[in-house]
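Protein chains: 2
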Amino acid sequence: MTSGMTGAVEEPSGAAVLRRMLGDDIVLIEREKMLPYCRDWHGDAVSSAVAVIRPRSTDQVAAAVKACRALGFSIVPQGGNTGLVLGAIPDAPERQVVLSLERMNRIRKIDADDFSAVVEAGCILSELKDAVSEKGMFFPLALGAQGSCRIGGNVSTNAGGVNVLRYGMTRELVLGLEVVLPDGSILEGLSTLRKDNRGIDLKQLFIGAEGTLGIITAVSIKLTPYPDQAATALLGLASLEDAIKLYRRARRDCCDLMSAFEFMPPLAFTLAQEAISDLPIPISTEYPAYVLMEISGSGLVDVDDLMQRFLEGVLEEGLVLDGTIAASQTQARNLWLIREGINEGQAKRGAHMRTDISVPLSQLASFVDEAERAVSEALPGAVSVSYGHVGDGNVHLNVLPPSGSTPEERIQLIYKAKSVVNEVLDRYAGSISAEHGIGRLKRPDFDARLPETSRKLLTALKHAVDPELIMNPGCQLRF
Amino acid sequence: MTSGMTGAVEEPSGAAVLRRMLGDDIVLIEREKMLPYCRDWHGDAVSSAVAVIRPRSTDQVAAAVKACRALGFSIVPQGGNTGLVLGAIPDAPERQVVLSLERMNRIRKIDADDFSAVVEAGCILSELKDAVSEKGMFFPLALGAQGSCRIGGNVSTNAGGVNVLRYGMTRELVLGLEVVLPDGSILEGLSTLRKDNRGIDLKQLFIGAEGTLGIITAVSIKLTPYPDQAATALLGLASLEDAIKLYRRARRDCCDLMSAFEFMPPLAFTLAQEAISDLPIPISTEYPAYVLMEISGSGLVDVDDLMQRFLEGVLEEGLVLDGTIAASQTQARNLWLIREGINEGQAKRGAHMRTDISVPLSQLASFVDEAERAVSEALPGAVSVSYGHVGDGNVHLNVLPPSGSTPEERIQLIYKAKSVVNEVLDRYAGSISAEHGIGRLKRPDFDARLPETSRKLLTALKHAVDPELIMNPGCQLRF
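The listed protein sequences derive, respectively, from chains F and R.
Numbering of the first sequence is given in full-length UniProt numbering, commencing with residue 1 and proceeding in unit increments.
Numbering of the second sequence is given in full-length UniProt numbering, commencing with residue 1 and proceeding in unit increments.
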């Protein structure tokens, strides 16, 4: 198509061809416009892409996949771009296209009588939660990013959050999926059946696959009655070990009505107040360990009474040293702001090491103890902050460099801290990713620990479902 | 190896070679000894096999798989042989080997502090439940066959049962799996981590695959605190529709403490008493619909009080017409015997049509109404019995031929009843298998309804994981 004549017509770029095939409205190719889709929200990674495709329908997604295949581009699916492991950020700008689901944000159906809803992948989680709550229903997935993350991303990454101990990971909230496969065909599985045991459950493949096997375009989800009662308490304890004892006790005493059990160190208050300056702290900040606990329910269950009786018992025994129960929704919200402020407070202190670790619950306290000790021996002056969803055996053991560290010192410290923590973690046979996924950030650590049998099976699966390897290459594994 | 000489040595059969390779103790080849492994417990199907292999360890399973491959035999894995869809019964006796997991029945570990256990596939479900309850823990899977079914079979078939509405299908109770793959390699995944989000979750492939992708040899499972309180009630209602209204109400009022909600028609009492002659029926048998409901919990929750208050409200409103609450464990057990007696009572009336249907909960009443009407129009004299796990949208709509029907008449009626019911089911976009799986029995019905995209994907998966197609051929699909 090139021409040597005067007024030569330049061969159109792949991006331009893609745009012509799919339409100007669908395809962005300007670098500045693509930028928000090509950097992660921490700002740690900035990249670019051939194009950003923003389809409005499942058929447009299928057309986009076929066009990309024809042109030899690979596809990085993206939801709200709030992931923490670079799973939705391109890393080969010259041959990758970002496919954003943000325009597929309709709620197709909410059926309160059926305890289910059908929503498109681009639905923002908090909007979905609000819409179902208007019908008296509840979608339990709850995480810090819920104002911007999108349900398709939550499903693709099998997101966790603060309510996992009662309701499970996202996987357990999914009834059905609609998926555009790497050949552009559409797997139609948006059933709302609660029980459907027709053999191998294909949707499980795509949950947690981070877009490496196909593009989730819509999801049918389980709903539960809205828990219109909640009792929230902040408790001071002598140690993480006591917090785990308390969790076991609460699992038995409060049964399946406990919806959150978060662990925090005293430093949490400092960090939260660095992020939110006028945040009230309604408890002495001098205990070695804190738990933020929530019991919730609906109907004839009295969760306030349950919390009261539970705390009376454990205070009397001395397992809990001090505690405050939120007397209003505002007070409860403020307690949660302490928990949520930890992240922002750490971010304000500059680049630091973040982890997302799980070990068996019975070994969590000794793991944290050992890992924090190893960090302080190897990196004097660095500060460990361990907090998280203790009931699930999931801890975010983060390491903050000494204040005044240079950017280079921080990078070195982060690198070193990770290897120190991972060395302890491997001895505990823990997971390097309890809830955040693998993406591109954790691929080397994942790869290094992958047993040969798992690798062979993953490779066989990848080649079976995506033989041209066009779906999110570089994410999870390199094949 | 054959010889024409006097005293000719006959070429040893494949079965004999297998026996020599794996050992006399491991391999049965006598027809009578193999019989119990080659017929289903209903006695509907009787077959045979080349051999029955009964390994005692994972390594022996792996060796058996390699030997079968080398000899060109395919493998039908079997647990307790209590399945209802012929998934574990050979159908090609000349080339299939049954691999029974019955000897791998050790409990490897129960860790109450970790809310987990690790058990071998051949553990009998009730023995496992008893063992964990001795440590104050509870494994929620509960089904009629629990005295003989084995956990590996439960996982392979993703078994359901009466507690699904609170605890989920077996899939949701599994933390990890050890699987012998079709090439004889061992996928080691017996982690007890509650949260582990390292990408694609390989274990999901094998749950519900009914042994078509590999052999589950051990399982790590979630435990919960033992619910030492239970309130059980039998309620009389005006209709199935009211039962579903009651379910919705109970979900809200009793929150996550409701553990069972079973629907039965008045005929249930007759059938149960035909099976268990002196079974007490503590309620008038003249209501059109009955619900057996259980609330359970541990610790500080008062489930008796909750049941009392719930029933007071719904009786006052007229949603429930009559009810009895079990005053003792014996009374509760007797109420459950009514529910469990339905199956045996039907069996005593001779061959009949059984289904395992799910439809969206909001359409269950109209589905049952329509399907029962269609049956009575098409098959005058036949009796429909619809009962089951209504809270999950799961109904067993069975059809009993008129008494005095000949075996041939029964076969014809079963065939006709199935097509009448399935015709209605397809209009409701329901599932032909809510909890029993596909096996060989439902393969034709599954196959006929399988969308092309799903078929392509299942075929690609099968060839990727089991390229020689040796695992349970004929089960779920023919490839």
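Incorrect hints may appear among the rest.
No copy labels: a pair is met if it fits in one copy or bridges any two.
Claimed, not checked - Subject to a maximum C-alpha distance of 20 Å in a straight line, what follows is the list of computed DMTMM-like cross-link-like pairs (lysine to aspartate or glutamate):
id, residue 1, residue 2
1, 418, 228
2, 456, 468
3, 348, 10
4, 129, 32
5, 245, 113
6, 135, 317
7, 456, 91
8, 418, 44
9, 66, 452
10, 66, 130
11, 456, 127
12, 348, 274
13, 33, 188
14, 418, 316
15, 456, 340
16, 416, 322
Simulated from the structure, these hints should not be mistaken for lab results.
| query | What hint numbers does the structure not satisfy? | reply | 1, 3, 4, 6, 7, 10, 11, 13, 14, 15 and 16
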